[in-house]
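Going by this note's numbering, the first residue of the sequence shown is number 1, and it counts up by one from there.
Don't take each hint at face value.
As the list claims (entries may be wrong) - Computed Cβ-Cβ distance ranges for the label pairs, DEER-style:
1) E112 x R70: 27 to 35 Å
2) E74 x K182: 31 to 39 Å
3) M1 x W65: 20 to 28 Å
4) T16 x P145: 40 to 48 Å
Hints listed in this document are in silico derivations from the structure and should not be mistaken for laboratory results.
Virtual Cβ for every residue (Gly too), placed ideally from N, Cα, C.
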Amino acid sequence: MNNPLRILQTLDRHLTNRAEITLIGRAALALGYGESASGFAATHDVDAVLPLAWLEAEDENMDFWVAQQRTNAELEPEGLYVTHLFREVDLILTPDWFSHRVRIPLELRRLEVFRPSALDLILTKMARGDDNDLQDIAFLLGREPISAGELNSAFARARIPDVPETQALFRAAQPKVLALTKH
Numbered sequence: 001m002n003n004p005l006r007i008l009q010t011l012d013r014h015l016t017n018r019a020e021i022t023l024i025g026r027a028a029l030a031l032g033y034g035e036s037a038s039g040f041a042a043t044h045d046v047d048a049v050l051p052l053a054w055l056e057a058e059d060e061n062m063d064f065w066v067a068q069q070r071t072n073a074e075l076e077p078e079g080l081y082v083t084h085l086f087r088e089v090d091l092i093l094t095p096d097w098f099s100h101r102v103r104i105p106l107e108l109r110r111l112e113v114f115r116p117s118a119l120d121l122i123l124t125k126m127a128r129g130d131d132n133d134l135q136d137i138a139f140l141l142g143r144e145p146i147s148a149g150e151l152n153s154a155f156a157r158a159r160i161p162d163v164p165e166t167q168a169l170f171r172a173a174q175p176k177v178l179a180l181t182k183h
């Protein structure tokens, strides 16, 4: 079973208005990269990035929050959730990440699903510096080859949260990510 798809289908069913979501994490890999990413389908949650403009229109998005709560309540017995919903300023992303999103074609009635570009997904995976994230980055580089020059440019342009630990982990991850381009 594809857990992220099941979670999004449930969220879609609980929505009464049209909405969109931009997936990050393993849900973005499971749904945004076709059959080659089926190994990521076992993840138990859906994480997403929320644009600041979307958050500022709070009254327009109440339906989404209600649907999220209902989805989590319905799927809790199975340990499935819409969990980490990050403000864009809380993630490492390029300034123009939103304009480079990729639509994920799912047959949902009200929910339109996107993922960030591969480059921005890589940046989001560099905030913790753990081995699982490096494996995910290697997967992304295997699907969408990105040169060391493109990565260095993204590192220089990236908006990094003002959290010293995150900044240090991002700097430490850079040579590891660049090394993955040599394989």
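Going down the list of hints, with the structure as the test:
A C-beta distance of roughly 19 Å is found between E112 and R70, which places it outside the suggested range of 27 to 35 Å. Between E74 and K182 the Cβ separation comes to about 46 Å, which falls outside the hinted range of 31 to 39 Å. At roughly 26 Å, the beta-carbon separation of M1 and W65 lies within the given 20 to 28 Å, and the hint holds. A beta carbon spacing of about 42 Å between T16 and P145 agrees with the range 40 to 48 Å that was offered as a hint.
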